Structures are given as C-alpha cells and as structure tokens.
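> For this one, chain R is given, so just place chains B, E and H on it according to the hints.
Chains as they are written, first to last, in my numbering: chain R, 208 to 290; chain B, 208 to 290; chain E, 13 to 146; chain H, 13 to 146.
Everything labelled a hint here was simulated from the structure, so no lab data went into it. As the structure is a computational prediction, the values presented were derived from the model and not from experiment. Hints are all accurate, no fakes.
Here are the in silico distance ranges between beta carbons for each label pair: (1) H/Ile-48 with E/Gly-22: 15 to 25 Å; (2) E/Asp-21 with H/Glu-76: 23 to 33 Å; (3) H/Ile-58 with R/Ala-258: 20 to 30 Å; (4) H/Arg-124 with E/Asp-50: 33 to 43 Å; (5) R/Asn-265 with E/Ser-80: 42 to 52 Å; (6) B/Gly-270 with E/His-110: 30 to 40 Å; (7) E/Pro-135 with H/Glu-33: 14 to 24 Å; (8) B/Thr-230 with E/Glu-33: 53 to 63 Å; (9) R/Met-208 with E/Glu-33: 50 to 60 Å; (10) R/Thr-236 with E/His-110: 41 to 51 Å; (11) R/Ala-252 with E/Ser-80: 45 to 55 Å; (12) R/Thr-230 with H/Arg-134: 25 to 35 Å; (13) B/Arg-254 with E/Pro-137: 26 to 36 Å.
Beta carbons: idealized from backbone N, C-alpha and C, even for Gly.
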Amino acid sequence: MIHQVLIFGPYAEAVGEGRVDVTLLDDQTVTARVVMESLREQQPALRLLLAHAILAVNCRRVGDETLVNAGDELAIVGLVSGG
Amino acid sequence: MIHQVLIFGPYAEAVGEGRVDVTLLDDQTVTARVVMESLREQQPALRLLLAHAILAVNCRRVGDETLVNAGDELAIVGLVSGG
Amino acid sequence: MSIQVVLCDGALAPAVGWGAEGAGAVVCFDGIVRPIEDGRRIAGLIYQTYDPMAELDLRRLAEEATRSFGLLGVTVEHSRGTVAAGECSFRLRIASAHRKEALAAMDWFIDRMKQDVPIWKRPAPAENHRGPIP
Amino acid sequence: MSIQVVLCDGALAPAVGWGAEGAGAVVCFDGIVRPIEDGRRIAGLIYQTYDPMAELDLRRLAEEATRSFGLLGVTVEHSRGTVAAGECSFRLRIASAHRKEALAAMDWFIDRMKQDVPIWKRPAPAENHRGPIP
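Here chain R stands alone, though its shape is the one from the complex (with noise of 0.2 Å):
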C-alpha cells in the first residue's frame, strides 16, 4: 500500500514538495509508529527533521499505536512556528 502523506514547512522545503508517498507492506498492521519509521527509511532527505516530528491523521494527533487506514489524510505537524 502507498499512502500519502502531506508535509509543511521545513519538512516541505527538504524535499521540495508538499507531500511524500510512503510505502507500507500489505500484511503489515499500519501504525502511526510504523508509518513514521517507514518515512525515516524511505525519505532520507527527511530523516533528522522527522525526530520533531509528530503525525496527524485526519486532522488529529495521534499516539505510536494508532491505526491508520487506507483512505486516512496523513500529515506530518511538527516544527510549527505561528504566532
């Protein structure tokens, strides 16, 4: 399964793009921890910034052991600096 997730800020200017694909074995039961671990492995450019980082699905934060499912809109939310 290739999922989508949407990037911002320095995550978005590391890569130069708003969003990486991230992909995740079939048989495997997709958590936020392993949706993380697979974006350290597979967006290397993203690696160092992906230890502040923290993943949001559908718009939530969510803990390591969350499940994420196919057709969940998936973001990375750390690094932030309004105000």
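Below, chains B, E and H without anything else, positioned relative to chain R:
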C-alpha cells in the same frame, strides 16, 4: 496656620466634603507626619480611614519627614480604587 | 461563552490603529464596568480623579514600566465621572518587541495603578433594576 | 518610545467592538511581523497553514482555555500567506470576568499555539533593503 487638605473617595464621603481644614501651631516645624497626626486629632470622622492614608504634597506622595510649606497643595491619596 | 476562529489570507486589519516602530507585540487591555458589584446589580460606576495627580501618576507608572520592561510604547486612558455597566472605563495599550514583556508589564501596571493612582470609584445604584441577579 | 496618558470624562469609546456579557476584562493581543528576523532585515513573513487542522486546533485550544480559565469569550485570527513587516499576522482576544485569568489564558494560549498548531512561517527576504540594521 490653617492648611486645607483635599480629600476624595471614602474620605470625602465620611465628612461630606471634598476638603478639610487642619490647624497647625505657628511655632511648629510642619512635616507630613505632623499634618497627618493633626488631622487624626481634629477630624474624628476620618480617624479610622486615615490609617490607610498617604499624604501627597503638590501631587507627589511624600515621606513622614517631608516639610510642608504654606501654599503647598495637600491631598489624601489612600484607599484608591481605579481601573 | 463564545469562541470564534478565523484563518485569513494576508495581514489582519489593524485592530487599534496604534503601534510602535519595531514592535512584535501590541497588547490592549480594556477594563469594563461589570453589572454586578459586591453581589449588587449596579447601573455603573462613578469615578473621581484627583487632577492633575492621577494623570501625573499614570505617566510615572508608564515611564517606570517602559524602563523596567523595555517597552516601545504605552498609552493609558482612564475615565472620570459616570461609566455605565458594560462600558469601558480603563484602557492600557503596550507595544514591545516580544509578547512576554508586554503581558508582564500589563499585569504590573494595573496592580500598581489600583494600589497607588488617586482615582476612586463608587457604584451608581441601579434604581430601576430590582430583578434577581442572573 | 512613546507614552500617552489621557483622563477623559465618561466611558472610553470601544476599542475593538467586541466583548462578552458580564466581562470585566477584554484583552486583545496583536502579533506584528517584525522587520528583523535572526538579525536579518526581512520584507515580511510567509505563513503556511495546514487546513483545516490549523483552524480545528485553534478552536480546540480556545475551548480548552475557556474551560480551564473560566473565560467568557475568545476570538482567534491568524494569517496565511504573506504578511509584510509591521503588519499584524495574529490576533487573540479574550473576555473574562477579571483581568488575571485573561492575561494568564493569553500567555498559555500563545505558548501552546506556537508549540502545537500546524502553522509554519518563513521569511520573505528584503531584496531592496540591504542597508545596515538600525
């Protein structure tokens, strides 16, 4: 010497006027302390409220030993409640 | 209770038309007369100021706050006379480089004002409002 | 540095045209884009928001602040896109019964926003301003 003292708020309500007279002995060295002690003696209606009073001379709070001269504007500025 | 959230494209319209060169934070405090004072419904408050000392004192506080907190600008407005419940009797605006000093200065200024500045208030009784307090 | 003090007869004109029933304090914070960022002169800041999560998060913070501090009203506005130096990119207004909870809530809200809400900014370089930083 008779000196006028401006009063406001609860002080003015207690005596029903916006100023009171205080009589000072002509041969006395008149300090803020002397003014306040004389006021306490001469204005029984103010006695309790004067425990919280501060004397202002020419629009500045003064210490007990500050000299008061004829023509100075005196006012009681305690128990304030602005804002 | 009301909550309103807006994200809008580009700059927000100026709220107060006041600021200071280089300011990153502009904080405005409005003190509003509340309809209840000490459990009694009131029509408003009647403020008495000792002029010109009240104004001199407010200016001294503004100067001290500016020095102590490194502020860029301060405006103070205070009513005298009658102010009805729901109306504004006091406004303090502070401009500074960053937020923390503006908020700290605001708290400090208002505490000092309530303690020192020769302004007195008394309630204006609500003659025609004898209903229960909500 | 500027200081202005005014004593005026009767109520002050409304500053913001916003309040809440029973409020004694209405505090408005304006975040202004500063002309210098990390020692460099900038033309402004470019804000990127993750919609609709940014708005949802601001609303969640406003709700939490309202519960925790007992507020009477909150409005939040935040820019997206380009905001020039000197312009306002963020405005938070809080109405409460008394001052202390409004100021505490304001500090809390802004800290949490800067830490959590998915809004990012980057400088818009000042191409035509290569003069020395004052």
